[in-house]
Amino acid sequence: MLKAIQIIGSSSSSFGFVSLSQRLKKKAPNPNCICGLSFIPRRSIDTAANSLLSSRKVNPFYQANKYKYKGHLRNLRASAMSLESNPDGALSSSSTAAVSPSSSATVQSSAGSTRKINYCQSCGGPMKHEIPNGEEKMRAICTLCGKIAYENPKMVVGCLIEHEDKILLCRRKIQPSYGLWTLPAGYMEMGESAAEGAIRETREEANAEVEILSPFAQLDIPLIGQTYLIFLAKLKRPDFSPGDESSECQLFTVDDIPFNSLAFSSMLVTLKLYIEDRLVGRPKFHYSVINKRPGTSPSDIHAYTLDHHMSSS
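In our numbering, the protein residues as written are 539 to 851.
Straight-line Cα separation of at most 27 angstroms, DSS-like style, residue types lysine-lysine; simulated pairs:
#, residue 1, residue 2
1, Lys-822, Lys-810
2, Lys-675, Lys-692
3, Lys-704, Lys-774
4, Lys-704, Lys-810
5, Lys-654, Lys-685
6, Lys-654, Lys-675
7, Lys-772, Lys-704
8, Lys-666, Lys-654
9, Lys-810, Lys-692
10, Lys-822, Lys-774
11, Lys-654, Lys-692
12, Lys-810, Lys-711
13, Lys-810, Lys-772
14, Lys-774, Lys-711
15, Lys-822, Lys-704
16, Lys-830, Lys-692
17, Lys-830, Lys-654
18, Lys-772, Lys-711
19, Lys-711, Lys-830
20, Lys-692, Lys-666
21, Lys-810, Lys-830
22, Lys-772, Lys-822
23, Lys-675, Lys-685
24, Lys-675, Lys-830
25, Lys-774, Lys-810
26, Lys-692, Lys-711
27, Lys-692, Lys-772
28, Lys-692, Lys-822
29, Lys-685, Lys-666
The calculated label-pair distances, taken between Cβ atoms and stated as ranges, are:
#, residue 1, residue 2, range
30, Asn-745, Phe-823, 22 to 30 angstroms
31, Met-676, Ser-779, 46 to 54 angstroms
32, Lys-654, Asn-798, 34 to 42 angstroms
33, Glu-730, Glu-814, 29 to 37 angstroms
34, Glu-668, His-847, 30 to 38 angstroms
35, Ile-669, Ala-733, 34 to 42 angstroms
36, Tyr-825, Met-728, 22 to 30 angstroms
37, Phe-823, Ser-779, 28 to 36 angstroms
38, Glu-727, Lys-704, 24 to 32 angstroms
39, Val-818, Tyr-688, 36 to 44 angstroms
40, Gly-819, Ile-686, 45 to 53 angstroms
Since the hints were made in silico from the structure, they are not lab data. Remember, it's a predicted structure, so these values are computed and weren't measured experimentally. All C-beta atoms, glycine included, are put in the ideal place defined by N, C-alpha and C.
Based on the provided sequences and hints, a complete structural model is requested.
Dropping the structure here:
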């Protein structure tokens with residue numbers, strides 16, 4: 539659901555590229571795996587690269603730079619071979635999160651920092667790193683085509699499901715946080731609304747059909763580049779069971795929620811806000827920023843401060 543990497547060969551624009559693309563669903567049979575990687579065989583990348591090269595023979599810009607492009611494609615192939623030789627996903631202790639969709643060679647670490655982007659996803663050219671005119675942040679800029687690689691936060695959507703005065707939680711069967719409890723939630727996909735994504739994630743993780751009642755909380759986590767949007771929902775029928783990414787699904791009363799075994803800080807905050815609303819007798823919409831404490835373990839769900847909390851009246 540939340541962290542997996544897939545290498546693909548792809549073509550785009552007038553010059554084409556070979557890129558890394560983040561996938562949001564991962565079936566990880568090994569509970570000890572830090573972050574799973576699944577790979578398309580290198581011949582797929584070679585085929586895509588050779589196809590791109592052959593299709594550029596009539597392009598005068600490509601002809602003027604063909605040796606540079608061939609070199610960049612070789613570099614991309616080499617990077618793919620290096621990752622392919624390590625299918626268990628042990629990239630390094632500082633790079634266990636996700637490949638940014640705006641980068642062909644960037645891995646985001648658990649501390650929120652990113653490695654430098656080495657190659658342009660549009661043309662394969664080498665990147666330089668500087669602050670563009672009129673901007674304030676360091677960016678990766680292609681030295682050949684001039685395109686800027688922007689990195690943007692990810693949207694995570696999910697449901698807080700009420701049924702007979704209980705809350706539905708799923709025990710994770712994938713990393714990270716294997717074996718811990720969470721609300722059904724995951725990355726929003728292209729082509730769907732936030733509510734549609736939350737319904738899909740619930741179906742995939744709990745085999746449950748739900749009706750969205752209202753938005754409940756937006757939680758920004760700047761350090762890891764994520765925004766959570768959680769909806770209040772109810773079961774259309776009292777049927778649920780573990781999906782491929784869950785080992786167990788269970789309804790909990792408020793008093794029985796396993797707060798010591800929750801998967802993420804965002805789940806802890808969401809459930810605490812829900813309980814506060816129950817005490818006053820009506821749900822509100824909440825916005826807040828979860829500031830993770832730098833240097834703390836990602837598994838320490840209590841290592842945060844809740845800032846800029848606002849709620850509807």
